[in-house]
Structures are given as structure tokens and as C-alpha cells.
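Undergrad: Okay, here's what each chain looks like letter by letter:
Number of protein chains: 2
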Amino acid sequence: MPDDWSDPPPRQPLLVVISGPSGVGKDTVLQRMKERRMPFHFVVTATTRPPRPGEVNGRDYFFISNDEFAEMIEHHELLEWARVYNDYKGIPKQQVRDALASGKDVIMRLDVQGAATVRALSPDAVLIFLAPGSEEELVHRLRERKTETPEGLKLRIATARRELDRMKEFDYCVVNRDMSLEATVDQIIAIIEAEHSRVNPRRVTL
Amino acid sequence: MPDDWSDPPPRQPLLVVISGPSGVGKDTVLQRMKERRMPFHFVVTATTRPPRPGEVNGRDYFFISNDEFAEMIEHHELLEWARVYNDYKGIPKQQVRDALASGKDVIMRLDVQGAATVRALSPDAVLIFLAPGSEEELVHRLRERKTETPEGLKLRIATARRELDRMKEFDYCVVNRDMSLEATVDQIIAIIEAEHSRVNPRRVTL
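From first to last, the protein sequence lines are chains W and X.
Number 126 in the working numbering belongs to position 125 of the first sequence; there are no gaps in the numbering.
Number 14 in the working numbering belongs to position 13 of the second sequence; there are no gaps in the numbering.
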């Protein structure tokens with residue numbers, strides 16, 4: 002029997018991916034988590050699109066040039082990246098490594114395809130799928146984004162349906178009902194707390 | 002893709018075992034969970050020992066005769082049982098089955114050996130190990146039970162050390178520090194919440 006039996010196991014930092022279909026409310030949930038001032042590191046995404054009014058470099062995104070982005074891809078410095086319309090978005094690996102090394106849990110928001118990429122790279126990541134309370138709620142939220150043409154909306158809905166079918170690739174599912182944002186955030190925090198209570202903790206590698 | 006994609010998966014009731022070494026505070030933690038009035042079913046143990054002043058049959062224990070206990074063993078009606086000094090204690094299976102059938106999570110307090118028995122019978126049970134903040138805390142708590150002779154205390158400590166070494170057979174470890182009862186209960190409730198968020202839920206069989 003070891004001499005140090007009474008010491009609790011050291012707390013291993015987690016890599017937590019919050020994902021789910023388009024329109025489910027990922028950004029709102031992340032925003033609320035930030036407001037709660039939990040001791041997490043929230044990943045800042047790098048993007049080639051220009052900043053919108055009010056957006057701050059390093060807080061909302063890292064705004065970088067196409068050349069810089071291409072170089073990061075070439076040097077495998079992105080954990081995950083995607084083309085969104087005519088722009089590129091990606092997660093700088095070093096940022097995640099640094100945060101994990103400092104002992105902080107790392108939280109990132111990714112689309113369903115991005116979550117699958119992270120799972121392949123880092124099998125011990127905690128994958129949380131946000132699901133809508135119902136199909137109606139999701140369609141309603143997609144419709145409220147007035148930026149869509151009717152055809153654009155149809156495509157969005159079709160994509161969301163296909164994304165919903167990938168829930169089974171995730172570890173946890175949290176239903177993000179309309180008007181229950183606090184409950185959604187509480188449930189995510191409970192999942193993170195429970196993961197830290199595992200006798201066999203996950204060990205994130207990148 | 003299924004038509005009912007938007008329905009959250011039905012909530013599967015859990016069988017939760019709270020265990021840990023003698024002196025770690027299992028009874029106090031269970032008592033606090035009951036006071037919080039969570040919608041759990043707390044298992045009532047059957048015992049052959051006579052009731053102590055203030056104990057109520059069916060609330061604190063089911064007080065039954067040696068003959069009745071022997072019959073329950075014979076008919077495999079006990080999930081787990083043990084001899085404690087000259088008395089017998091056991092968990093009636095039917096009580097657990099009825100509570101699970103009603104959709105309630107079932108919480109039971111067991112010693113480490115009992116938890117191992119439940120794991121073997123029901124691999125999908127959630128096993129939570131309560132650990133002391135330190136060896137000193139545990140010894141102090143065992144010492145405070147004034148009922149012990151010095152030899153009895155030594156045996157208790159040796160047993161507790163052996164029990165601590167079995168933590169690795171459990172799913173979760175919660176450190177029950179002195180003066181942090183609420184945090185312990187919060188962590189257990191977070192574990193139960195997280196288990197209910199699993200994409201692949203446990204399915205308890207008995």
C-alpha cells in the first residue's frame with residue numbers, strides 16, 4: 002500500500018468541447034459561462050475575417066491575415082480549422098497547450114465536424130453536445146437570424162438535422178431549452194466537476 | 002435519421018453506491034443528502050439488531066428477526082448482506098427494483114466490500130468512494146467514536162487503510178474534508194447530474 006494513500010489524486014486539466022448544431026445557442030452558453038467567472042481558459046479562435054464593430058483582437062478573435070493563416074496550417078499549428086464562407090477560422094494549438102500546462106481546464110466551442118476532429122487528435126477530450134429542446138425551437142432560432150434568405154434557411158435546417166444525428170459521437174448531451182440558459186450552464190459545470198472526480202482521470206494529449 | 006431526433010433520451014434511473022473507509026463520514030453525507038430533499042430513493046437497510054432509542058422501523062432500518070433474515074438470504078432476496086459483530090445487515094433487492102421501476106435514482110451506503118459485491122451484480126452501478134482529506138482526519142474521526150478500546154481502534158485504522166487501497170475499483174472519488182460537508186454533497190449531486198447527461202446512459206439491471 003502506498004505511503005501517500007491519503008493524498009487526493011492531482012487535478013488533471015480537461016479539454017472540453019462544447020458543440021451542437023447551428024442555432025442551438027453555443028455562443029450564448031459560452032458567453033454565460035464567461036460571465037460566471039469560472040477558472041476556465043476559453044479558447045480564442047484565429048480568423049481571417051475583418052473585425053466587426055466592437056470586436057477586440059485577442060478577446061473575441063485573433064484577427065490574422067490569409068498569409069499568416071496559411072503558415073499556421075503549413076506548420077501544423079492549428080488544432081482544428083475550417084473555411085466558413087470566404088473566411089478561415091482555426092484554433093491555435095499552442096494556446097491550448099499553454100493553458101493546459103498552467104493547470105486550467107480549456108473550453109472551446111466547435112461545430113460538430115470540428116468536435117470530431119478534436120476527438121481524433123485528442124481522444125481524452127470531453128465532448129459535450131448541446132441539443133435543442135425540440136425541432137421547433139431550433140428552426141425558430143435559425144429563422145430569427147434575419148440574415149438568411151429562404152434558401153439559406155432551408156440549407157441551415159438541413160445541415161442542423163444532419164449534425165443532430167452525430168450526437169452519438171459525443172460523451173454528454175445537454176438539452177439547451179429556450180429560457181433555461183442557467184440550467185444548461187449548471188449542467189455543463191456539473192459534468193466538468195464530475196469528470197474531475199473520476200478515479201481514472203482523462204489525460205489530455207495534444 | 003429518426004423522426005424523433007429532437008427528443009432528449011429518456012432519463013434512466015441510476016443505482017448510486019456511496020462507500021469509503023470506516024470513519025470517513027458516510028452516514029453524515031447521506032443524512033445531509035436526505036435533508037436536501039432531492040428526489041432520490043434512499044435505501045433502507047434490513048437488520049437483525051434491535052432498534053436503538055428513537056429509531057423508527059422502515060425509516061432508519063427494517064428491523065427483522067434472524068429467521069426472516071435467513072429466509073431472505075435463502076431466497077436470494079438480498080442485494081448484499083454482511084455480518085456486523087453479532088448482527089446481520091442487508092439490502093432488500095425488491096426495494097431497489099421498485100424504486101428503479103418508479104424512475105427514481107437509488108442511493109445506498111455500503112462498506113467497501115459491499116460496494117464490490119454490488120459492482121459484480123450490477124456493473125452499471127455508479128460507485129462513489131468517499132476519501133478523507135488526510136490520514137490524520139480519518140484517525141481523528143475514528144478516535145472520536147469513544148466506543149472503541151485502544152485495540153479496537155488499532156484494528157479500525159488497519160481496516161480503513163486496507164479499504165482506502167480499494168479506491169481504484171470505484172468510478173469516482175470525492176474527498177470529504179472536515180468542515181466541507183456541503184461541498185461533498187454538491188460534488189456527489191454533480192456526479193449524478195453528469196451521469197444523467199451521458200450520451201450512452203448506464204442501464205441498471207438487478
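Calculated from the structure, these hints are not laboratory results.
Each hint should be verified, as a subset may be incorrect.
[Stated by the list, open to error] Taking beta-carbon pairs under 10 angstroms as the criterion, some of the chain W residues facing chain X (in silico):
1. MET39
2. PRO40
3. HIS42
4. PHE63
5. ILE65
6. SER66
7. LEU128
8. LEU156
9. TYR173
10. GLN188
11. GLU194
12. ARG199
13. VAL205
14. LEU207
Beta carbons: idealized from backbone N, C-alpha and C, even for Gly.
Undergrad: Each hint needs a verdict: does it hold in this structure or not?
TA: Tested hints:
1. MET39: Cβ of W/MET39 sits 13 angstroms from chain X, so the hint is violated.
2. PRO40: 16 angstroms, violated
3. HIS42: 20 angstroms, violated
4. PHE63: For W/PHE63, the interface hint is violated, since the closest Cβ of chain X sits about 32 angstroms away, which is over 10 angstroms.
5. ILE65: 35 angstroms, violated
6. SER66: Violated: closest Cβ of chain X sits about 39 angstroms from W/SER66, beyond 10 angstroms.
7. LEU128: It holds, given that the least Cβ distance between W/LEU128 and chain X is near 9 angstroms, below 10 angstroms.
8. LEU156: Cβ of W/LEU156 sits 16 angstroms from chain X, so the hint is violated.
9. TYR173: 4 angstroms, holds
10. GLN188: This interface hint holds because 6 angstroms falls under the 10 angstroms limit.
11. GLU194: Check passed: Cβ of W/GLU194 comes within 4 angstroms of chain X, closer than 10 angstroms.
12. ARG199: 6 angstroms, holds
13. VAL205: 18 angstroms, violated
14. LEU207: 23 angstroms, violated
Against the hints set out earlier in the document, violations occur for numbers 1, 2, 3, 4, 5, 6, 8, 13, 14.
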